[in-house]
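Chains as they are written, first to last, in the numbering used here: chain A, 295 to 757; chain B, 342 to 504; chain C, -14 to 605.
Note that these hints are calculated values from the structure, not bench results.
The beta-carbon is built from N, C-alpha and C at its ideal position, and this holds for glycine as well.
Wrong hints could be hidden among the right ones.
Cβ pair distances, simulated, as ranges [as the list claims (entries may be wrong)]:
id: 1; chain 1: A; residue 1: Pro412; chain 2: C; residue 2: Asn51; range: 48 to 58 Å
id: 2; chain 1: A; residue 1: Pro408; chain 2: C; residue 2: Gly252; range: 22 to 32 Å
id: 3; chain 1: B; residue 1: Pro421; chain 2: C; residue 2: Lys289; range: 39 to 49 Å
id: 4; chain 1: A; residue 1: Ala497; chain 2: C; residue 2: Gly372; range: 33 to 43 Å
id: 5; chain 1: B; residue 1: Ala395; chain 2: A; residue 2: Ala657; range: 36 to 46 Å
id: 6; chain 1: A; residue 1: Ser611; chain 2: C; residue 2: Pro80; range: 56 to 66 Å
id: 7; chain 1: B; residue 1: Gly405; chain 2: C; residue 2: Asp68; range: 51 to 61 Å
id: 8; chain 1: A; residue 1: Ser611; chain 2: C; residue 2: Arg156; range: 53 to 63 Å
id: 9; chain 1: A; residue 1: Thr594; chain 2: C; residue 2: Pro27; range: 21 to 31 Å
id: 10; chain 1: A; residue 1: Pro646; chain 2: B; residue 2: Ser390; range: 29 to 39 Å
id: 11; chain 1: A; residue 1: Thr594; chain 2: C; residue 2: Arg156; range: 48 to 58 Å
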Amino acid sequence: MSLLTSCPERDSTTKATPGGPTPTPQPAVSTASVSPRPLLPVLSSDIPFDITFSGDGSLEGLQHDFDVLSWNTFIALNWPAKPNGQPDPSIQIGTKDAPTVWQSWKEAYEIFLPGGAPPSPWGTLRTAPENWPPACKALFKDGMTLLNQVGKTPNVLNDSTQPFKTGPLIDQNGRYARFEIVVNEPMFDSIVANKLYSKKGQATASSVVFPCSSASPSPGNVGAIMVKASWKILSDEEKKSGRFHTTEAIVYTPPSSSPPVAEKCELLTVGLVGLHMVHKTAGAPQWVWSTFEHVDNCPTEGETPSKPRYNFFSKASPAPSPNEPPPRPWDPNKTEPSERRVQIVRKIPIEPAQKALNDLFQAALGKVNPKSVWLNYELVSTQWPTNPAATCDVETSAPVDRIGTPAPQFLGNSTLESYIQGKVPNVSSSCMECHANATTYTSARPSNIPIFSDFTYLLERAQ
Amino acid sequence: MPVSLDQFVSLSSALTGVNAAQLKPALDPIGIANQYLAMINSQASKVSSTTFSALVSTFEAQVGTLGSPNKAAAFVLDDPTLGPVARSIIKMWLMGTWYDPANPGTAIQVVSSQAYKESLVWKVMQSHPMGYSMWSFGYWAQPPPAFEQFIQTSSGNSANGAN
Amino acid sequence: MAQTKKYDVVIVGAGLAGSIMAYKLGKAGKKVLVIESGASVPTSREAYMEHFYTNLIKTPESAYPNNPNAPRATVVDLFNWKDPSQSYLDQSSSPLPFSSTYERRGGGTMWHWLGSSFRFVPNDFRLQSEYGQGIDWPIAYEDLGLPQPGRSTAYYDDAEKEIGVSADVARQTYLGLTFTPGYQYPNPEIPLTLTDNLFADAVNGKEQFEGQAVTVSPTPAGRNSRPYDGRRVCAGNTNCIPICPIQAKYDPTITLNKALDTADGAGQRNVNVMYQTVAAKVKLDQENKMVVGIECITYDNLEKKSPTGTVVVTGTIYVIASHAIETPKLLLNSNEQLPAGVANGSGQVGKNLMDHPLFLRWGLTKDPTFPYRGPLATAGIESLRDGPFRSDRAAFRVEFGNEGWNFAAADPENTVFDFVDGTNNNLNNPNCEKLFGVALLNKLNEIFTRQCRFGFLVEQSPEDSNTVTLSNLKDDLGIPRPKINYNLSDYTKRAFVAAQKLTDQVFAAAGVTPFEKPLAQLKKAGGYFTYTDPKTGETYNFDFFGSGHIVGTYRMGTTRENSVVDRNQRSWDHPNLFLVGSGVFPTIATGNPSLTIAALAFWAADNVLKDLEGANPSSR
Ligand SMILES: Cc1cc2nc3c(=O)[nH]c(=O)nc-3n(C[C@H](O)[C@H](O)[C@H](O)COP(=O)(O)OP(=O)(O)OC[C@H]3O[C@@H](n4cnc5c(N)ncnc54)[C@H](O)[C@@H]3O)c2cc1C
Ligand code: SF4
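Take these sequences, add in the hints, and give me the full structure.
Written as structure tokens, this is what we have:
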């Protein structure tokens, strides 16, 4: 215990600086807006290890660098994948819509198995969950996408609603949006090596530290990455529209008695509507939180809805009150009538800097294929720590400012945090604030208390 | 001349004992110093711009005359007109609330929810704002990190204090 | 007058008791209508949190906007408690202030409960037969604490499961408490704070008080020590009162949502809630026997007086769950058919109002124990909740606060004032120093890191004269406001004397320097009173606060003469009327009430189901 005696005399010369190296000092003049670079960005299947410092150390300058990282990560993770999940260098992103790199990563259901069984090794093709009814198993083709969450985080109804039971997301066709969470190989390996996939294994863990990226030694390593995706079930018209990145998925609805929901699985075409990509980098041990959305999701509050139609917003009147889920009970198997479809608006507008960058990357994507589905996705923003932890072990090296004073303070995805998009500390959507509360189920610490899980709620699913 | 942010932060640092870089970090996504300055400049503060400017210019002049920000802070705090405003500024940094300089026990407003969250008193007690913890379950069973991890004191201020 | 369709059950109040009943009945396939006087449950906590952050006074109600259509008692009211123009409760002729408050909104008062979830000890149910004090309950500990015939779980087990209580059976087995064989609390115990351990180390196995061991035990808490029920683990926001930002703390909106999830085969929900609907009168049939409807006033604007009309809600069985001040008020206000009010054949409606008068003691520890961290309370002294002393003075439990002098002495604000302005509100600044800079920081750190406080929750005795009646003053909807008469008996006051002695003893053992308000300041406090010991002639000065535990105003009992409801919580007078909540408690007992409210609500739901399934409830 570090005791303080009464009226202590402090030695002002021995002050530890929390959070390690302070980012570059403020420049004398800070440029308010980012001037787009004359050259179009190069599209690459390489995941960036960290930001590329563009020389302007101001908040805006660094935000730009992180946004570029977000876009480059988006390009790399959505690169067409070979059957083994590796990016296929022989084709450019967007030439045609194809399965992406991240889609072959491990989904939560493959990691946290009944009875705490060890997950099958990296690279094993996805198989249907053991405890599935035969009818569902019959539909499942190994390696395909399985969507078993009607919400970003799981809850009592085995994954059925949005974060913290705030409500489901229902699109303008009346169908419930579905969600998945996958992790990359370094993160998966760390979970396996530290036996964090089971309660029993967690009971031997005294801390959780996922790997950070490293640029050297060459060729470098990416850090732990998690991806959360939201998908909507496409109508025939939407399938034909060419506006979505699509995939064939088994959409599985787990059964429940209260609310009464029947077990169901359907083979459907789903379209990507939201994508969180979170990378733990050497320079940002609190992870870099990048979030992208489909451009048709919803209008911004206070702006005139200009698109012909939106995924989660109706221009018809009277419209339901914005950002409110319909009354319970919720049944994801239903096609809900128009008055029960949600009316989502974006509360925090996308800033001009992000818009400019979006234009730039979309232009580059458009050069590959003017009809590329990726033209319909935009960066909302990137959250990053302005006071990053000194080492990859955030709990130890950032004991006071655990979340490293993130910028921007609030960031949400209208499909993933639809109902908490405000600006109130600790309750409105802020990736890091919310994930700072994430814990394991148990640990090796005294009384087996749940411990900080390095910003992921996934470990709570261990059985 | 309106008071600049830098002037306000220098004054605040001398008054509160907290390093200017902590009051106004180089990378500052929150901008709490800006909010506080705006609070004083607003009608609601009940502080005239003349008094506020006088506070800052007197402080700055006394730094030159007396040779240290600490002594200059003591000087303005002793001034019957400027002292109450200076004390409200100290309390604002500590509590996130603006108090009426003419009635020191009377709060005018919590500057903002951000200000509540950023108020320094919680750091002074080596804790977190009530209602805003970024730590994990069970942290309370262990002592907190050292005081120095929470507060960087201002240079030129002797550790044991006054004047 | 508009009338609803006839439901199986109408429930008034969507707090803890009402939500549990709605959930149980909805799950059993009954059609239920819940009437709730206040605002609906918000989708997100953002508005409440913003209200809290920017509120100048962080009272329990500070997160929740006032609603003139459904007013309630607040802590801020207590600043002028004698003045009914400032205080919702009309206490103009009360000897002492009734100091506990409640919320009127979906989810009820437990939006700002602390979470302490104690079982009552066996002797709490038989104060009269063991100690010749108060009155016995018509039920025993075993009725709630052990499975009743035909059930595998005890009602306390069900309540603990719903609330997700975190505790360890081994450390809760004291004073005769027993558990269902093999029972485990749903979540493990919450780690203690450094302050808790300071006191535990100083007294456990060492100190005796009036011949009994003084033992510090962990507090069973309705907050998650594990991810539970789809909610996060407590992050120690130290804010359970007024609001848990992350819903790690249980609140009844969780149960209410489960109730709203129940549905019939056609997918139609079983439970409906009408918000912004204030029950005003209970209507009886011609014989004044069966309840035939509840007349409610609706309104459409939460911010201003805005009545829109009346509606009569109807059902087969009626449950009133609007807490122990609004429930008796509603019964007494239903005086058109029966002048004494509905369910009041015994004359007991509104009588025996009780609270745990809360006696605060505070001090500075020798070394820093770093308060203002962790849940607001994690441990206390439970070993003195029962003993032979109960023949002579009231019992108490001692809660250790983890919020420094926040509650006791309005810190951190007051101490900041003291050392910036040179005042001495909190008595740490006798030389009236005015500090600034690093000296100020060091001084504040030295004080704040050593603050501790005890809260004694005293078991107040039931008194006929402590009442809720109808005031002549009305609220904005024209409904009479509650009028309170409240005092403390000598039996109750003697516990304060014991509490003071125990504080002196435990503080000395733990090296804590006590602080007290000077007499002049104490005399100005709302809860100021004196007690003179008849044996020694010594006079003591005290003040007290409320614990938020509003109890006793429609007691359960053994006969229709001595009580308002029977042991099944059914009105003696009106067989299709159930009254639930802490109003049924004959005595306030030595634990915080909500776990017992929940257990009794599970039981009442079973009784309602039996009545609904029985041929005709009126035949009972
Ligand atoms: C600060 C504080 C801390 C507390 N901490 C604890 C604790 O740690 N442990 C513990 O056990 N207990 C605690 N309590 C007590 C606890 O909050 C109550 O025991 C509990 O809320 C009572 O539940 P209830 O359902 O009976 O009433 P409530 O929760 O008050 O619900 C009653 C509902 O009825 C509605 N209503 C009222 N009048 C009408 C009407 N006329 N028409 C329609 N609806 C109406 C109200 O709007 C409300 O929603 C605390 C209380 C306070 C104030
Ligand atoms: S301590 Fe904080 S996080 Fe824990 S239950 Fe209380 S308010 Fe919620």
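Evaluation of the provided hints:
Range check, A/Pro412 to C/Asn51: Cβ separation about 56 Å, and the 48 to 58 Å hint holds. For A/Pro408 and C/Gly252, the Cβ-Cβ distance of about 29 Å falls inside the hinted range of 22 to 32 Å, so the restraint holds. At about 45 Å, the beta-carbon gap between B/Pro421 and C/Lys289 stays in the expected band of 39 to 49 Å. Taken as a hint, the range 33 to 43 Å holds for the pair A/Ala497 and C/Gly372, whose Cβ atoms sit roughly 40 Å apart.
Restraint check, B/Ala395 to A/Ala657: a C-beta distance of roughly 55 Å breaks the suggested window 36 to 46 Å. The hint said 56 to 66 Å for the Cβ distance between A/Ser611 and C/Pro80, and at roughly 59 Å that hint holds. Our hint of 51 to 61 Å for B/Gly405 and C/Asp68 holds, since their Cβ atoms are close to 55 Å apart. Between A/Ser611 and C/Arg156 the C-beta distance comes to about 60 Å, which sits within the given range of 53 to 63 Å.
About 22 Å separates the C-beta atoms of A/Thr594 and C/Pro27, a value consistent with the hinted range of 21 to 31 Å. The hint said 29 to 39 Å for the Cβ distance between A/Pro646 and B/Ser390, and at roughly 33 Å that hint holds. Checked against the hint of 48 to 58 Å, the pair A/Thr594 and C/Arg156 passes, with Cβ atoms roughly 54 Å apart.
Going through the hint list in order, the structure does not satisfy hint 5, though it satisfies all others.
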